[in-house]
Amino acid sequence: MFQVRIHGRGGQGVVTAAELLSVAAFNEGRHAQAFPSFGSERMGAPVVSFCRIDDREIRVREPVMEPDALIIQDPTLLHQVDLFAGLQPEGFILINTAKSFGELGLGDFVKGFRHERLLTVPAADLAREHTGRPLPNAALLGGFSALSGLISLDALGVAIRERFGGGVGEGNVAAAQAAHRWVTDEMRELAGAASN
Amino acid sequence: MLRQIEGSRAVAEAVALCRPEVICAYPISPQTHIVEGLSQLVKTGELAPCEFVNVESEFAAMSVAIGASATGARAYTATASQGLLYMVEALYNASGLGLPIVMTVANRAIGAPINIWNDHSDSMSQRDCGWIQLYAETNQEALDLHIQAFRLAEELSTPVMVCMDGFILTHAVERVDVPDQAQVDAFLPRFQPRQVLDPDEPISIGAMVGPEAFMEVKYLAHAKQMQALELIPAIAADFEAAFGRDSGGLIRSYRAQDAETVVVALGSVLGTIKDTIDELREEGMSIGAVGISSFRPFPLDAVRAALGHARRVVVLEKALAVGIGGIVSANVRMALAGIQLNGYTVIAGLGGRAITKDSLRSLFADATADRLDSLTFLDMDWDVVNRELARMGASRTSGPHAENILLDVGPVAAGPV
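Chains F and E supply the protein sequences, listed in that same order. So the first sequence is numbered by this note's numbering: it starts at 1 and just counts up by one. So the second sequence is numbered by this note's numbering: it starts at 1 and just counts up by one.
FYI, nobody ran anything at the bench for these hints, they're computed from the structure. All C-beta atoms, glycine included, are put in the ideal place defined by N, C-alpha and C. Watch out, some of these pointers could steer you wrong.
To be verified - If you want a taste of the chain E side facing chain F, the calculated C-beta under 10 Å gives, among others:
1. Thr138
2. Ser268
3. Arg333
4. Val384
Said to hold, decoys possible - In silico DMTMM-like cross-links for lysine to aspartate or glutamate, where the CA-CA straight-line distance does not exceed 20 Å:
5. E/Lys357 - F/Glu103
6. E/Lys274 - F/Glu28
7. E/Lys357 - F/Asp154
8. E/Lys274 - F/Asp54
9. E/Lys218 - E/Glu283
10. E/Lys357 - F/Glu189
11. E/Lys274 - E/Glu155
What the hints assert, rightly or not - Calculated Cβ distances over 12 Å to all of chain E for the following chain F residues:
12. Leu106
13. Arg128
14. Gly166
15. Met187
All chains, please: the whole structure from these sequences, using the hints.
Right, dumping it as structure tokens:
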């Protein structure tokens, strides 16, 4: 089972992101379970959502406490919430920011993890470019598809179009594709740096 | 068709496939998405003929359902928590009058203190109001139980509550097989009411009944629930034949046949319990589970047959009967009358406290070693409780519990869990 925890703020589409991820996994024939953190959500407040993906029925109903991946939609949460709690040593992190982990002040933190699995992508900027709004969720999922290989960009595109339709759907698919390219390039650079 | 949808959406579509003619509802979390979905289906004409009535309260919602059902319309509503409590007087009327209304209860805690999260306090408070109560373990089962509930309610002329865990199921997006209209039509016959209010042939229903006949009329609600003990498994078998899924029934056993320790629970926590049991079985523990699908009627014989061989029974329940402890466990003990075994009541998950595999593992380890108290509160922070008890002891004017305890535990940001 692969477990994802998504952090963001109310209004950023955190719950929708988990749902889209689960639909993308479902589109690929897998079992998936997405659910929100059930708080009294309001605009701007910290919000958490979860997604589990497996090849068999998912029965467990506890919150995701030991995630295999973290998607962080709002880097300002770094100073407010214990975002990295329970992250597995082999875990992935994708943060919506134009900064690097070092610039975010996370240089020491990342030492215990696999560097090539900890990336950032300016998802809000890419979303603004392609949809006119800075909602980073679809773009982040595109980046996550590249980073983790957990879901294909095609299955994600189908899920995004199903959810939004029309121009909003196309814009979000384009943002997801752009973020996928961005992360793919980043990974290639990292691999290049490692082999040099 | 297999779809990846929210539990509330699955239930809305299941209800729509049952062709209700009147839906009345008042919004309350976590039930709201269900009736929002249904109101959309009525508005777009996908569900027709059906009248969607926006009412001013839950008391009105149940009253409209009663009126609609008495005129021979298939009637549905949904609620939760304080909403269910607000309709209590009407609940008793619906069952006393024998009106086959189906209602979803998206289980949620009851205040005070106010709390929107899941436990079973709401439906458990209405266990004796004359409604049948079915509990869903998954969103697939929630969907399936609604289709079975209309048939059960109408065959017996008695109302049915389908209880599903608020948020944990209602807001979870997962794989659900949604049947098509022809399948549901073949399974669920047209509603043939036993009694009809018809202006062309006027009758009245709801007579005042004095001591000379009250017990006899009242007994009939019980007689119907005893009939339901036969009918619920029969409908589940028909459902399996028609839809290919084993859903509902009275109880469901999981690796319990040969287990020394059997855990009893209701609703979605059974999934977490089953995963925990699989892990403990691999480690050699003799443990299994029994899920109670039908809490009213309570299947005494089936529970006795499923648990009678065990050395110990752990009843894990999401409600607290203040002043005694367990509700489900009291019923289970009645089923086990005369059988010697160790029985434990565990109150868990009140007000949405997560029930985790880690907590269950240590709980079950304590149980199998017979180290549990007869009444246990899972993951209770006793330091917090004891500090408030100390404040109460120290001062006659120690103030309100909820506010004192919130000050004590400090601000809790929306953390990872």
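When you check the alpha-carbon spacing of E/Lys218 and E/Glu283, does it fall within 20 Å? Status violated; Cα separation ~51 Å.
Straight-line Cα separation of E/Lys357 and F/Asp154 no greater than 20 Å? Violated, at roughly 35 Å.
Given the hinted pair E/Lys274 and E/Glu155, is their alpha-carbon gap at most 20 Å? violated (33 Å)
Minimum Cβ distance from F/Leu106 to chain E greater than 12 Å, as the annotation requires: holds (16 Å)
Does the closest beta carbon of chain F sit nearer than 10 Å to the beta carbon of E/Thr138? holds (8 Å)
Beyond 12 Å from every chain E Cβ - status for F/Met187: Non-interface label stands for F/Met187: nearest chain E Cβ at 26 Å, farther than 12 Å.
Far enough from chain E: is every CB of that chain over 12 Å from the CB of F/Gly166? holds (18 Å)
Is the shortest C-beta separation between E/Val384 and chain F less than 10 Å? violated (20 Å)
With a cut-off of 10 Å, does the beta carbon of E/Ser268 approach a beta carbon of chain F closely enough for the hint to hold? Since the shortest Cβ distance to chain F is 5 Å, the answer is holds.
Decide if the proposed pair is consistent with the structure: E/Lys357 and F/Glu189, CA atoms, cutoff 20 Å inclusive. Given that 20 Å is the threshold and the Cα spacing comes to 40 Å, the pair is violated.
Would the pair E/Lys357 and F/Glu103 pass a check requiring their Cα atoms to be no farther apart than 20 Å? violated (37 Å)
May I ask you to test the interface hint for E/Arg333 with respect to chain F, counting a Cβ-Cβ separation under 10 Å as satisfied? Nearest chain F Cβ about 27 Å off; hint violated.
The structure is inconsistent with the numbered hints 3, 4, 5, 6, 7, 9, 10 and 11, although it conforms to all the rest.
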